[in-house]
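Given chain G, work out where chains E and A should sit, using these hints.
Listed below are the residues making up each chain.
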Amino acid sequence: MKIAVCIKQVASTNGPLQLDVGAGWLREADTAFETNAADSHALEAGLAIRDRLGGEVLVVSLGPDRVTAVLRDALAKGAERAIHVVREDAHKLDPAQVAEALAAVLREEGCELILCGLQSDDVGHGQTGALLAECLGWPLVGIVAALEVETPHKVRARRELEAGWSQWVELPPPCVLTIQSGINKPRYAGMKGMLAAKKKPITRVEPQFAGGMRNQQVIEQIYFPHRAKQTRLLEGAPADAAAQLVALLNLRGVQ
Amino acid sequence: MQHAEPETIDAEVVIVGAGPAGLACALRLAGQVERHNREGRLPAIDPDGIFVLEKAAELGMHTLSGAVMDPRGLAELVPDFLAEGAPVECAVSSDSLYFLTAGGAYRLPHIPAQLNNQGHYLISLGRLVQWLGGKAESAGVSLFTATPASRLLIEDGRVAGVVTADQGLDRDGKPQANYQPGYVLRAKVTVLAEGARGALAKCLVNDFALDAQSNPQAYALGLKEVWEIPAGRVAAGTVWHSFGYPLAADMQGGGWMYAISEQRVSVGLVAGLHYADSGFQPHAALQRYKQHPLISTLLDGGKLLQYGAKTLAKGGYWSLPQLYAPGALLVGDAAGFLDGMRLKGVHMALKSGMLAADATYRALCAGDAMDDALAGYSTDFEASWMKQDLWRARNFHQIFQRGWLRGLVPGALDMLGARIGRERLPSRPAHDCMRPREQRPVDGGASEGRTRHDRLASVYHSATRHREDQPVHLRVHDAATCARCNRELGSPCQNFCPAGVYEWAAADQAGETGSLRVNAANCLHCKACDILDPYQNITWTPPEGGGGPRYEGM
Amino acid sequence: MSDMHGTLVIVERAAEGVSRHSLEVVAFAQALGDPVRVLFPGIPDQSTADLLQAMHVEALLTCPELEPCDVYDDDAYVEAIVRCIASLNPLHVLLPHSYTARDHAPRLAARLKVTLVSDCIAIEHDEKGFFYTRQLFQGRTHARVRVAGEGPVLVTLQAGIGRAESVARGAVAAPLTPCAIELVARAARVSAEAPFRESARNVDLTRARILVAVGRGIKSAENIALAQRLADLLGAELAASRAVCDEGWLPIERQVGSSGQTVAPALYIALGISGAVQHLVGMKGADTIVAINKDASAPIFDVADYAIVGDLFEVVPALIQALENT
Chain G
1 MKIAVCIKQV ASTNGPLQLD VGAGWLREAD TAFETNAADS HALEAGLAIR DRLGGEVLVV
61 SLGPDRVTAV LRDALAKGAE RAIHVVREDA HKLDPAQVAE ALAAVLREEG CELILCGLQS
121 DDVGHGQTGA LLAECLGWPL VGIVAALEVE TPHKVRARRE LEAGWSQWVE LPPPCVLTIQ
181 SGINKPRYAG MKGMLAAKKK PITRVEPQFA GGMRNQQVIE QIYFPHRAKQ TRLLEGAPAD
241 AAAQLVALLN LRGVQ
Chain E
1 MQHAEPETID AEVVIVGAGP AGLACALRLA GQVERHNREG RLPAIDPDGI FVLEKAAELG
61 MHTLSGAVMD PRGLAELVPD FLAEGAPVEC AVSSDSLYFL TAGGAYRLPH IPAQLNNQGH
121 YLISLGRLVQ WLGGKAESAG VSLFTATPAS RLLIEDGRVA GVVTADQGLD RDGKPQANYQ
181 PGYVLRAKVT VLAEGARGAL AKCLVNDFAL DAQSNPQAYA LGLKEVWEIP AGRVAAGTVW
241 HSFGYPLAAD MQGGGWMYAI SEQRVSVGLV AGLHYADSGF QPHAALQRYK QHPLISTLLD
301 GGKLLQYGAK TLAKGGYWSL PQLYAPGALL VGDAAGFLDG MRLKGVHMAL KSGMLAADAT
361 YRALCAGDAM DDALAGYSTD FEASWMKQDL WRARNFHQIF QRGWLRGLVP GALDMLGARI
421 GRERLPSRPA HDCMRPREQR PVDGGASEGR TRHDRLASVY HSATRHREDQ PVHLRVHDAA
481 TCARCNRELG SPCQNFCPAG VYEWAAADQA GETGSLRVNA ANCLHCKACD ILDPYQNITW
541 TPPEGGGGPR YEGM
Chain A
1 MSDMHGTLVI VERAAEGVSR HSLEVVAFAQ ALGDPVRVLF PGIPDQSTAD LLQAMHVEAL
61 LTCPELEPCD VYDDDAYVEA IVRCIASLNP LHVLLPHSYT ARDHAPRLAA RLKVTLVSDC
121 IAIEHDEKGF FYTRQLFQGR THARVRVAGE GPVLVTLQAG IGRAESVARG AVAAPLTPCA
181 IELVARAARV SAEAPFRESA RNVDLTRARI LVAVGRGIKS AENIALAQRL ADLLGAELAA
241 SRAVCDEGWL PIERQVGSSG QTVAPALYIA LGISGAVQHL VGMKGADTIV AINKDASAPI
301 FDVADYAIVG DLFEVVPALI QALENT
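Chains as they are written, first to last, in my numbering: chain G, 1 to 255; chain E, 1 to 554; chain A, 1 to 326.
Any given hint could be a false lead.
[Unchecked claim] What the simulated footprint calls covered on chain E by chain G, stretch by stretch (three residues with Cβ under 8 Å from a Cβ of chain G suffice, anywhere in the stretch; the number is not a length): (1) 169-179; (2) 277-290; (3) 545-553.
[Said to hold, decoys possible] Which chain A residues face chain G? A few, computed with CB under 10 Å, are given here: (4) Thr115; (5) Asp119; (6) Gly151; (7) Gly160; (8) Gly162; (9) Arg163; (10) Ala164; (11) Ala221; (12) Ile224; (13) Ala225.
[Said to hold, decoys possible] Straight-line Cα separation of at most 25 Å, DSS-like style, residue types lysine-lysine; simulated pairs: (14) E:Lys135 / G:Lys200; (15) A:Lys128 / A:Lys113; (16) G:Lys192 / E:Lys188; (17) G:Lys198 / E:Lys135; (18) E:Lys188 / E:Lys202.
If you're looking for bench data, these hints aren't it; they were derived computationally from the structure. Every residue gets a Cβ at the ideal spot worked out from N, C-alpha and C, and that includes glycine.
With the rest of the complex left out, here is chain G (with noise of 0.2 Å):
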């Protein structure tokens, strides 16, 4: 089966955030990045099918020159092929025009299954699958929990919905999905995987927009949020706030 993956690179979070107030984005000469934690359950989603029905999975990142870093790291986990579309200022562009640029690539390359993750770690807009959905004109199934692909002629998915519940569909490739996390645990890349990865082509192209877009929406500035909530620290040592604690919210034990 013929399956892509599109994949995105963000900002790692887990230290500070070091923001660029001017330029509305972050400096990111200070910010390390690493593959979308969604995306690597797609990609392991994708790859897991190919290994079950044979067949390619091809990777697609739009950004600029460090996003090659993400489609190596791919490659290194098995698929077959990577293509770099290649944007300097991604981070400025609308949901929709990466939508198309992604969709230009892709209908090109006569796949049969296209995952994305659910939605990406830094900006969010978890639009990506759906906007590519109806650029190519193919169904969609999003919030993919778990899925079950038999034979390359049926997908079958189970999207989540409110407060726990789940809906199990049907639908015959092509089509879109987005992947939720946590449905799988993605493999690592492995030096043979790495070794390997060296040999496998990374195309460059240049993003093609259809246009013809009535508005767009742009970034005019990020910040951190002012905190509306007056929240009051307790300070000490743990005895000393949990004391704090206890006293001020009036809690008594029940035995």
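Coordinates of chains E and A only, in the frame set by chain G:
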């Protein structure tokens, strides 16, 4: 996915550690191999057979140094390094040496020649390493990130390569669905470039008794912060070194401030790890340093960008082990080439990597005489400028063993070249120095003052991260020993760890013993615990690949 | 086209008629100031019609073409709603940022050739025009977004954007007007089974007065016992973030957040929870929030009334001790 058996990969050379020493070795060796093959020499050497293993997720993420670099080593490795785009922050523009007391700063009117930094550069070692890595890859070196080597492969009394760490084990050591066993990586030559107190280097030295003739290695712990400060306070290229406060007179070490630009400074403290006071807390000392008026006037109103810590090997010439073993070489801080008198190690690391590359190349051409060719690395070292510099500084560390105060006069004399006392002074192993002293509460409380941070806040600024559900990589061998250490010394690991990994939890009931809690996820991979644990009860092992600090340009 | 006017709210069907989140969006739209029209994607039953007609809105629209609605057909939904929007010509189209809207809204936007501002937390107006606030980096920063160009602006709004109870009531019941559109019937591309829930709901977290919630910081299944002890002492129910349920340390019915339950207890104690948006939307309505976390910059502290920056493995035992002594 199948639960695969460990796979074997064959290489010509494996280099463990992508720091300056490892990458210099790789880059130089790649050039030699390319020329060798191009000239059609025999035996053919696989140009794709130079492997560098790095445990960090990306190059530079575990790299940390002040740093002021003597360009000598880089200029030999890459002539015209500036034209080639080497990332140098700026040239040193001024140099000062301060003596600090609790409230005062006294600038010495004269800086010893060895500390004169004219012609040197302020660098981010992390960025330099990224640049070197790019060059090495372009030259055909295979770089594997998130790939720690977990042990040496020893066969028939010879190092035959390394085994990489398993991935995908849960905290009980059981394989998860995505389990990937480590690889058996066979190589003709293994170069250990892990930095100070390298896990494999430690084993190599022990197994082959490489330190039989050496002084015990001596270490220091460096804690570094990078700050963004308002403009106009300090000129780019300003270099300050200080001694005295906040280190007690019987401690060795000092502080620094390097102005990488007008608005970005590197500040930090180096504390020699052979002190007696079991209550000493390096992290707390760093906070006091930052609050000293000399430093706080610079930092007030600024913003902490990053924090990190790493140990360095500073025993000097007499602490160097034998530099080679059958099938293996030691480079960089893993051997201990830091020049303690000049406070510089990057140029040494680069040069040692180059010398090791030369010896490795000769070994690859030498067939059965491979191990003799490897021994040539030591000969080359002895004939090099590295040896000249280290020889001059050969007793410097020992002079300061009992603290900066006692070392001042003999140290100054030593710098001036006066030979006093014996040719070779002995040194004591770090873990043997601690004595019970006044116990202070562990600095874990809330911050006071804008330049102070508590340990957890500091660790947050290292962006350190480990996958939670994996075996604990800090092996505490014997709980009874921990209890004993707690009674006698108050569990100093709680104090010296710069990341707050260790906490002694008192017993719930009277009459029971407490236990040591290990928050391995905070670990900065500095190795202080492996070095300084008074009972040598803790062994640092590499965690699952990719885990650890995520320094950017440290 | 400057005869775009007003705010169109597209509500979502739910067991109780219209989802609570949708009502929050209606309340928000009313507060925004422009005339509000509400579109129900189908034909409401009597009780839902009563609910809708009690609202203070300019118009109430239905979409008969989407009946019967017992079969999941997103293509039909998108087609029908796009035509409704086009016929109504609103300035803003607001939807709740629900699971289903996350699939539908981008497709609506694409068909209308306009942009969608998703998971928005505020819509305001200044001299330059409207601006929209979104959260970036999992809630750690905010972004001010503007829309340049023509055409309606589609927005999905985060849960808690308004208070469902504050939907203004109208003096006169607006009539229910069907949208005049025609849909070409075609086979659904996706065939769907009935929705189901993983586990029988033994625990109704929405009824608990006090919740003790654990996040990744609890580190292992064994450590849950510590939180359980605290919960027992307080007479509280145990809850969890998604990460804890994904790991299997607590059953999914204890999950609070966008894919779990939305709760508003008197007291919510968050242990080792970072406060990613997906969790916050499920609990930020609590009366009092206490957060205990090692990381002083965790987003949970933005919504906390009381904060303890520290190791929960020290603080929680201390709390337990303090409570045992009361």
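Against the structure, the hints come out as follows:
1. 169-179: Answer holds; 3 residues pass the 8 Å Cβ test.
2. 277-290: violated (count 0)
3. 545-553: Coverage by chain G holds for the stretch 545-553 of chain E (4 residues, Cβ < 8 Å).
4. Thr115: Hint on Thr115 of chain A: holds, closest Cβ of chain G at ~5 Å, below 10 Å.
5. Asp119: 7 Å, holds
6. Gly151: 4 Å, holds
7. Gly160: 12 Å, violated
8. Gly162: Result: violated, 15 Å to nearest chain G Cβ.
9. Arg163: Hint on Arg163 of chain A: violated, closest Cβ of chain G at ~15 Å, above 10 Å.
10. Ala164: 15 Å, violated
11. Ala221: Since the shortest Cβ distance to chain G is 16 Å, the answer is violated.
12. Ile224: Interface hint status for Ile224 of chain A: violated (18 Å vs cutoff 10 Å).
13. Ala225: 17 Å, violated
14. E:Lys135 / G:Lys200: 20 Å, holds
15. A:Lys128 / A:Lys113: 23 Å, holds
16. G:Lys192 / E:Lys188: Since the Cα atoms of Lys192 of chain G and Lys188 of chain E sit roughly 19 Å apart, the hinted pair holds (cutoff 25 Å).
17. G:Lys198 / E:Lys135: The given pair, whose Cα atoms are some 16 Å apart, holds under the 25 Å limit.
18. E:Lys188 / E:Lys202: 20 Å, holds
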